[in-house]
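Asks: Here are the chains, one letter per residue:
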Amino acid sequence: MLRGLWSAASGMAAQKLNIDVIANNLANVNTAGFKKSRTDFQDLMYQTVNEAGSETSTGEQVPVGIQIGMGTMPVDVHKVFIQGDFQETKNELDMAIEGKGFFKVLSGTEERYTRAGNFKLDSNGNIVTPNGDKLQPEMTVPTDTSSIKVNSDGTVTAFDSQGTGTALGTIEMYTFANPAGLYGCGHNLYQATDASGEAVSGTAGTEGVGTIAQGFLEVSNVDVVQEMVDMIMAQRAYEINSKAIKTADDMMSIVNNISR
Amino acid sequence: MISGIYNLMDGSLTQDLRFETIANNIANSNTNGFKRDIISFNQTLDMQSNSKTDFSQGPVRYTGNELDIALGAQGFLKIQTPTGTRYTRDGALSINAEGFLVTGSGDQVLGENGPISVEGGTVSIGQDGQVSVDNEPADKLLIVGFDKPELLKKEGASCYSYQGENKEISKQTDAVVKQRYLEGSNVNPTQEMIEMIETYRAFESVEKAIQSIDGSTGKMINDYGQVPQ
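If you're matching them up, the sequences are chains E and F in order.
Under this note's numbering, the residues of the first sequence are numbered 1 to 260, in order.
Under this note's numbering, the residues of the second sequence are numbered 1001 to 1229, in order.
Hints are computed from structural coordinates only; laboratory data are not their basis.
For glycine and all other residues, C-beta sits at the position ideal for the given N, C-alpha and C.
Derived CB-CB ranges, DEER-like:
#1 E/29 with F/1211: 54 to 62 Å
#2 F/1164 with E/228: 38 to 46 Å
#3 E/191 with F/1165: 47 to 55 Å
#4 E/131 with F/1056: 49 to 57 Å
Computed list of lysine-lysine pairs in DSBU-like fashion (alpha-carbon distance at most 30 Å, straight line):
#5 E/100 with F/1140
#6 E/79 with F/1178
#7 E/79 with F/1140
#8 E/79 with E/104
#9 F/1148 with F/1178
#10 E/243 with F/1153
#11 F/1219 with F/1208
#12 E/243 with F/1208
Please take these sequences and the hints and turn them into a complete structure.
Replies: Next up, the structure:
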């Protein structure tokens, strides 16, 4: 009975985590470039009460034994890098990536990666994220610029009021063997880990990297309907686990009251 | 009379096992590819009971994630764990840093030519289990079936090991794979709730019967033989 109690408790803990993750997804339904997370569960170890193949008292073999499971555990909470929808903003420093690539930015001295393309200019004309992290490779937009053009292959050109273009450089894209293994740093930034593999640089427009769309933003890939359904499932699973705990409690109370 | 108490104690122990199994099923009602266990009892002298796994298909839902796969009603993925070859139906796959297709716990998923490298590019998995990267065939998922599925032993972490002989494992020829879908747990909360109530009440009546035997034994010892006044 105590095993059952712990199994149900593990189920409640797991569903609580599930709700935590869903709540964060829903909170970020309007965050540009946000990628939703998903919790996956696995069963815990099993205790073999009676081994299959052992002999019964009548000399026969037990065809199937008894295994009692110990509940569930969350195995991972991973980012799901499905493409989000595109939203047209007409802002010339908004860039959406159509494909698997990431932008690289320098956050202090740390290299970080992002898919949120809502860039701005700082006072020195650098292209930066809303938090001031510089887009890599760094490029400075001249003060007399009237418009900026970003091509789908990442080349950036600044035009002055006379319409003369100056090439500022090329935005490089980075891909990962396992983007789900990236470490989320908050502020829409990710950091490479041993699980994600090293960042591989590539040119926008080449195979597997993706292209840049200027004047668009990639919106959050959270699907509200899906999250609501998952939330209902998680809540009900939580509830039924609590019923199992209640039942275990009642059964133990019966045992305690056998002899009065 | 006393032997009656022992029988009843066996009964309460088996209800106990049954409850623990139900609690585990319930805890895993949201575990991908989980198969529920059922405890059944034989009314033989030695009260032999056994647990068996219900391998019926769980609900299949769309996730949109390219590394999620759901297997059709039959078959298991073959995976390589540090402790040996295992089998699973949990299709929430990932790619590790070396670019190999792995399970959620990081164990390599085996194809017909060993571990499957899917480094870089878009992964597509066909209905027959053919894995392609950027439309270049990489390998085919090794999906196997068992002559005696009852000999599959749950190892935890959604894995099974096969306790029978290797010759009883064969390639599942009619296997169907659905990419971007996941198979959920085949635990049905309604059924588990009903069985839990049933178990609870059975447990309760066993305890009542123990009390009643205890009561009549007490009566026999204390009341019989007393000379009526």
